[in-house]
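*Asks:* Sequence:
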Amino acid sequence: MERYELLGDAFLKFSASLYLTNKYTTWNEGYLTVIKSRMVSNRNLLYCLMDTDICQRICSALFKPNSAWLAPLSSLPSNLLDLLAKFPATVVAMLEPKDFYNLQLTETEMKTGQCSGEKLERFAQACVRNQSLLAGNVNVSPDNEINMYAYQYVLRDKVVADTLEALLGVCVKNYGIHRSFRMLEYFGICKSEQGKSLENLLDLKLNSAQLRTNVSRSEVNAFLLNVEHLEKNLGYQFKDRAYLLQALTHPSYPTNRITGCYQELEFIGDAILDMLMTCYIFERFENMDPGKMTDLRSALVNNITLACICVRYKFHLFLLYENGQLGEAIKTFAEFQETQDHRVTDQVRILMEETSNELDPYANDDDDDDEKDDVMADVAIDGGPGPLC
Numbered sequence: 001m002e003r004y005e006l007l008g009d010a011f012l013k014f015s016a017s018l019y020l021t022n023k024y025t026t027w028n029e030g031y032l033t034v035i036k037s038r039m040v041s042n043r044n045l046l047y048c049l050m051d052t053d054i055c056q057r058i059c060s061a062l063f064k065p066n067s068a069w070l071a072p073l074s075s076l077p078s079n080l081l082d083l084l085a086k087f088p089a090t091v092v093a094m095l096e097p098k099d100f101y102n103l104q105l106t107e108t109e110m111k112t113g114q115c116s117g118e119k120l121e122r123f124a125q126a127c128v129r130n131q132s133l134l135a136g137n138v139n140v141s142p143d144n145e146i147n148m149y150a151y152q153y154v155l156r157d158k159v160v161a162d163t164l165e166a167l168l169g170v171c172v173k174n175y176g177i178h179r180s181f182r183m184l185e186y187f188g189i190c191k192s193e194q195g196k197s198l199e200n201l202l203d204l205k206l207n208s209a210q211l212r213t214n215v216s217r218s219e220v221n222a223f224l225l226n227v228e229h230l231e232k233n234l235g236y237q238f239k240d241r242a243y244l245l246q247a248l249t250h251p252s253y254p255t256n257r258i259t260g261c262y263q264e265l266e267f268i269g270d271a272i273l274d275m276l277m278t279c280y281i282f283e284r285f286e287n288m289d290p291g292k293m294t295d296l297r298s299a300l301v302n303n304i305t306l307a308c309i310c311v312r313y314k315f316h317l318f319l320l321y322e323n324g325q326l327g328e329a330i331k332t333f334a335e336f337q338e339t340q341d342h343r344v345t346d347q348v349r350i351l352m353e354e355t356s357n358e359l360d361p362y363a364n365d366d367d368d369d370d371e372k373d374d375v376m377a378d379v380a381i382d383g384g385p386g387p388l389c
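Residue 1 is where the sequence shown starts when you use the numbering used here, and the numbers rise one by one after that.
If you're looking for bench data, these hints aren't it; they were derived computationally from the structure.
Keep in mind that the hints are not guaranteed to be accurate.
[Stated by the list, open to error] Below, a list of computed lysine-lysine pairs in the BS3-like style, where the Cα atoms sit at most 25 Å apart:
1. Lys-191 - Lys-173
2. Lys-13 - Lys-292
3. Lys-173 - Lys-292
4. Lys-23 - Lys-13
5. Lys-239 - Lys-292
6. Lys-36 - Lys-23
[Claimed, not checked] Quick list of simulated restraints, FRET-style, between CB atoms:
7. Glu-322 - Phe-285: 38 to 48 Å
8. Asn-302 - Gly-176: 20 to 30 Å
9. Met-110 - Arg-156: 51 to 61 Å
10. Phe-285 - Glu-193: 35 to 45 Å
11. Phe-100 - Asn-44: 36 to 46 Å
Using N, Cα and C, we set each Cβ at its ideal position, and we do this for glycine too.
Modelling step: build the complete structure from the supplied sequences, incorporating the hints.
*Replies:* Listed below in structure tokens is the structure:
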């Protein structure tokens with residue numbers, strides 16, 4: 001389940017990013033990030049799955065006969081079960097086996113399946129006493145061996161959310177990305193607009209930055225120096241270079257009034273990169289355990305690795321900014337990487353940590369990482385789903 005959960009988690013974040021970017025085209029990255037975090041949160045996924053009957057089918061523990069099996073015809077009195085159902089699981093969890101042993105059911109009570117009113121009242125008082133203790137902030141886990149006899153099954157919120165992510169992962173693995181978008185609507189995570197199917201979410205495009213500002217192609221090209229060389233390094237030729245201009249524009253570069261800065265595209269590119277790397281690792285390493293998959297993905301898509309890739313292919317030379325400290329930081333990092341033959345080493349990590357401590361967070365080498373995300377978003381938006389698939 002955990003391998004599929006990892007794949008489903010990446011698909012969920014990828015889908016949420018595309019959905020929000022297409023639905024709220026005028027929102028900035030900050031708003032989009034907040035809404036996305038709420039959409040993919042465990043609490044929201046819990047509510048979405050609770051609307052179905054899937055929660056009743058989840059098995060969150062290994063079968064252990066000594067603690068998870070009831071012998072045939074073994075049951076508590078029916079009126080006692082009705083009483084327990086009126087109290088929260090934490091109250092029932094505070095009960096001890098001796099509370100049930102003290103019932104001392106008679107042969108008649110065992111045959112009828114009903115305990116006497118006196119015993120039921122005594123048991124109810126024990127439950128009320130436990131409930132009053134809970135009001136005193138007593139930390140009690142709902143997990144208890146009594147749950148089995150009370151026909152209560154405790155599921156953590158995270159278990160339910162992880163199950164939903166695993167189901168999405170199974171859909172992606174067996175039916176592909178396009179058809180898996182239907183599951184988002186089925187679970188109520190995303191709602192399609194009239195005339196727009198979530199199944200075609202990859203086909204939806206952002207409004208062209210060039211069309212929004214009604215500028216000519218030559219005006220866009222005026223900001224892009226030696227753009228043909230950049231496209232050659234990328235292995236992709238842009239239909240609308242306004243996207244490329246936006247991806248290369250740092251927030252400290254006000255001269256570009258045609259497009260916004262790269263932050264909007266970074267929001268999309270980060271989700272695309274995470275999704276592609278997760279799919280690659282999932283397919284390439286079929287026997288790798290989920291923990292190692294997570295570590296490998298983190299190693300491949302972290303700021304340091306992406307910054308090194310940008311410098312290796314000289315993408316940093318095309319970044320548009322007007323910040324002296326940022327320029328010096330990028331220059332220092334690029335020169336150091338040349339001496340290391342563009343390898344990702346521990347010395348690179350130390351250098352970036354020192355640089356981050358010396359500079360304002362507004363100007364650090366994370367911009368190389370952001371640039372890599374932005375370029376990936378450009379290719380996806382400019383070329384449609386083809387470059388992704």
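*Asks:* State, for the Cβ atoms of Met-110 and Arg-156, whether the hinted interval 51 to 61 Å holds or is violated.
*Replies:* About 35 Å separates the Cβ atoms of Met-110 and Arg-156, which means 51 to 61 Å is violated.
*Asks:* Could you say whether the range 36 to 46 Å given as a hint is met by the Cβ separation of Phe-100 and Asn-44?
*Replies:* Once the Cβ atoms are compared, 38 Å apart, the range 36 to 46 Å for Asn-44 and Phe-100 holds.
*Asks:* Is the Cα-Cα distance between Lys-13 and Lys-292 25 Å or less?
*Replies:* 20 Å, holds
*Asks:* Does the Cβ-Cβ separation between Glu-322 and Phe-285 fall within 38 to 48 Å?
*Replies:* Holds, at about 44 Å.
*Asks:* Given the hinted pair Lys-239 and Lys-292, is their Cα-Cα distance within 25 Å?
*Replies:* 39 Å, violated
*Asks:* Taking only the CA atoms, is the gap from Lys-23 to Lys-13 under or equal to 25 Å?
*Replies:* 15 Å, holds
*Asks:* Using the C-beta atoms of Asn-302 and Gly-176, is the stated range 20 to 30 Å upheld?
*Replies:* For Asn-302 and Gly-176 the Cβ distance comes to about 28 Å; the hint holds.
*Asks:* Run the distance test for Lys-36 versus Lys-23: straight-line Cα separation, threshold 25 Å.
*Replies:* 12 Å, holds
*Asks:* Between Phe-285 and Glu-193, is the Cβ distance one that fits in 35 to 45 Å?
*Replies:* 38 Å Cβ-Cβ, so the 35 to 45 Å window holds.
*Asks:* Compare the distance between the alpha carbons of Lys-191 and Lys-173 with 25 Å, and conclude whether the hinted pair is satisfied.
*Replies:* Satisfied, since the Cα-Cα distance of roughly 23 Å is no more than 25 Å.
*Asks:* Quick one, are Lys-173 and Lys-292 close enough, alpha carbons at most 25 Å?
*Replies:* Distance ~19 Å between Lys-173 and Lys-292 Cα, so the pair holds.
Hint violations for this structure: numbers 5, 9, all remaining hints satisfied.
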